[in-house]
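Residues per chain, in single letters:
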Amino acid sequence: MAKTSSAPKQGGAKKSLNDTSLLMLITVVVFVVMYLGAMLILKGGFLKPQAFLNLFNDNASLIILSCGMSLVMITGGIDISVGGVTALVCMCCAVYLDKMGGNVAVSALLALAIGLGFGLVQGFLVAYLEIQPFIVTLAGMFFAKGMTTIVNSEPFNVAHEGFKALSGTRVNVPGMGTVNKLGEYVNAYVEIGVVVALVVVILMFCMLRWTKFGRSFYAVGGNSQSALMLGINVKRTKFMSHLLCGLLAGVGGFVYFLHVASCAPSHASGAEMNAIASSIIGGTLLTGGVGNIVGTMFGVLSLSTIKNIVSSAGLGEAWWTGITTAAMLCLFLVIQSVVMSVRKKKQLGVK
Amino acid sequence: MGTNKVSKSKEGSLLSRMTRNQMFIPLAALAALLLFNLILDPSSFAITMDENSAGNPVLSGFLINILDNGSELAILAIGMTLVTAASGGQDISVGAAIAISGSVLLRVLCGSNTRPETLQAPILVAFLVAFVVAMLFGAFNGVLVAVFRIQPMVATLILYTAGRSIASWVNNNELPIIGEPSFGYFGGFIPGIPVPTPIFIAILCLVAIWLVLKFTNLRLYTQSVGINENSAKLNGLNPTFIKILSFVILGACVGVAALIKVSRLATINYGVIAKDIEMDAILAVALGGNALSGGKFNMAASVVGAYVIQCLTTTLYKFKVPSTALPAYKAVVVILLVVLSSPVVRAKLSALAPQAKRKEAA
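Protein chains in written order, with the working numbering: chain E, 1 to 351; chain X, 1 to 362.
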């Protein structure tokens with residue numbers, strides 16, 4: 001594995017992309033084509049730079065959640081508790097800020113602690129007690145959702161001053177402003193959560209790409225037996241993947257909380273499925289061993305773009321979103337499966 | 001039980017043999033839950049004769065309630081076990097598929113009018129149409145899994161995402177209501193018979209699958225495909241067909257469960273009907289001690305697992321746990337069960353047992 005991936009780099013010859021990059025490339029190309037197509041055909045909102053940035057504003061938390069999901073999926077596991085953890089984080093932070101008069105920094109720590117707690121327990125159960133990750137994290141999701149309503153079952157908006165200030169903080173993006181109808185120059189902005197999301201993406205990308213620790217994720221997911229023989233601590237790697245996913249669920253939960261500034265038991269319902277779908281569209285295989293964080297980010301953006309296209313194309317009825325999302329997922333899965341099987345046949349043919 | 005008598009002479013092996021049996025965990029869990037109920041509220045086990053709203057004498061009580069409401073789950077557990085065994089993955093779209101199938105059923109019964117005076121089609125015809133639709137969606141999942149080699153959870157994620165949308169599209173987002181009392185028989189009571197009909201339907205399905213497993217090669221073929229697809233292929237089996245077949249059987253189970261669900265309500269709520277039932281069905285399979293990675297399966301253990309989950313749900317409702325907080329308690333119990341049944345913990349426990357004995361001897 002190591003030989004094939006390093007050989008083209010040294011030789012400079014583009015012999016072949018590895019599976020991870022190829023699947024990511026498909027996603028990036030589809031996203032760009034889709035967005036350009038929307039700009040040309042539908043025009044309207046798609047031409048505004050702010051509309052593009054809003055893709056990030058609306059999906060910052062989903063990007064973070066999907067990053068964690070990709071990590072777990074690369075090691076061959078799955079975590080379906082992230083949506084529940086997001087809801088629990090929102091509820092706990094909101095109750096802490098508004099009803100107990102806490103401060104913002106502590107609430108952020110609280111969010112991290114909740115995520116870390118879930119990651120610890122789930123990681124331990126999956127890695128060291130060898131229970132199937134699906135069952136463990138399913139129970140995690142149930143627990144988080146149930147706890148959310150036990151903490152507080154009434155949805156409310158957060159009125160905490162300091163929090164509102166942070167939640168409303170806008171980071172101006174230079175060079176992307178527009179002139180509005182009154183002739184004033186309006187800066188394009190991103191929310192603070194987007195900055196967090198981008199930092200997470202870069203950190204995770206670097207970790208997976210260049211550190212020994214990150215590469216062991218691929219080794220464990222690709223073939224845990226040979227990883228074990230190579231001297232990688234498989235159990236610890238699996239544990240760490242769940243721990244990181246839990247931690248990122250905490251971060252994502254807080255970013256979600258910043259974005260919506262409210263809490264409700266129904267928050268982020270279905271987020272786990274969106275995160276899984278985004279990871280898959282971004283080229284992560286559920287069987288493990290293949291995946292890329294940048295691809296995952298584009299997976300989130302693609303999913304969100306298709307929803308925007310559907311709603312601006314006049315298909316307003318609620319059911320169209322569900323159906324088109326599913327159709328797109330189906331398309332990507334079939335493309336992936338065809339591409340992978342063609343490549344497998346080629347490889348076998350060469351041998 | 002003959003084994004109990006035989007092994008009285010050597011008690012050490014009795015315990016280990018019992019705990020090693022796949023049926024042990026689900027049965028023990030069921031017994032523990034029932035015992036818990038019995039201690040806290042013995043009166044709840046009484047089965048009484050009440051009158052339902054139609055004025056017929058019907059049986060009611062805690063146990064009847066579990067058997068009645070657990071029917072759909074038990075039926076789904078049958079199909080889910082087969083899918084798990086054959087494909088090594090789970091179908092997460094059953095709840096959404098129930099919504100579609102139920103929606104089709106109502107659409108055929110009602111025609112274009114959402115409040116029909118008389119049914120537009122016989123119930124049997126409507127059921128068959130919905131049944132076939134459910135099997136077609138099962139086949140769709142099966143083709144994605146078997147032909148395109150997509151992991152089952154991901155392949156069924158498609159229908160999970162689209163299912164409830166499709167269901168509301170089938171009826172133009174309207175909510176048909178069936179006034180005809182005979183439609184309610186499937187989810188309620190047939191006049192003159194005091195036992196809830198879903199129990200009969202569940203028994204019918206269980207007997208059917210028992211006969212199929214006994215007299216056909218389905219069990220052998222499914223397990224071989226699940227254990228090693230390539231060697232199954234070399235032995236002349238068609239893994240693609242077996243996998244699709246398992247999904248179609250699950251589709252059939254979905255069709256039956258949808259009939260019961262819709263009949264209970266006499267209407268449908270696209271967003272809520274059979275919500276999270278896929279999770280319960282997968283849990284049932286896991287509680288039954290079946291490997292979620294496929295291969296060997298024990299159908300009876302899955303079905304008992306389904307009733308364990310229903311028993312847990314009903315127990316929690318009885319203790320006035322709000323339905324939204326229910327999942328938290330469920331999760332704790334589930335984690336306890338899977339931790340106890342995990343191979344690592346079991347190995348540790350069985351290593352502890354002889355040590356304790358040696359200490360006693362010393």
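Since the hints were derived computationally from the structure, they do not count as laboratory data. Don't take every hint at face value.
Unchecked claim - If you only want the chain E side, here are some residues facing chain X, beta carbon under 8 Å, derived:
1) E154
2) F156
3) T287
4) I323
From the three backbone atoms N, C-alpha and C, an ideal C-beta is built for every residue, glycine too.
How the hints compare with the structure:
A least Cβ separation of about 11 Å between E154 (chain E) and chain X goes past the 8 Å threshold, and the interface hint is therefore violated. Taken as an interface hint, F156 (chain E) does not check out: its beta carbon lies about 16 Å from the nearest beta carbon of chain X, beyond 8 Å. Given the 8 Å rule on beta carbons, the hint for T287 (chain E) holds: about 6 Å separates it from the nearest Cβ of chain X. Hint on I323 (chain E) holds. Least Cβ distance to chain X is approximately 5 Å, under the 8 Å limit.
Violation of the numbered hints given earlier is confined to hints 1 and 2; the remaining hints are satisfied by the structure.
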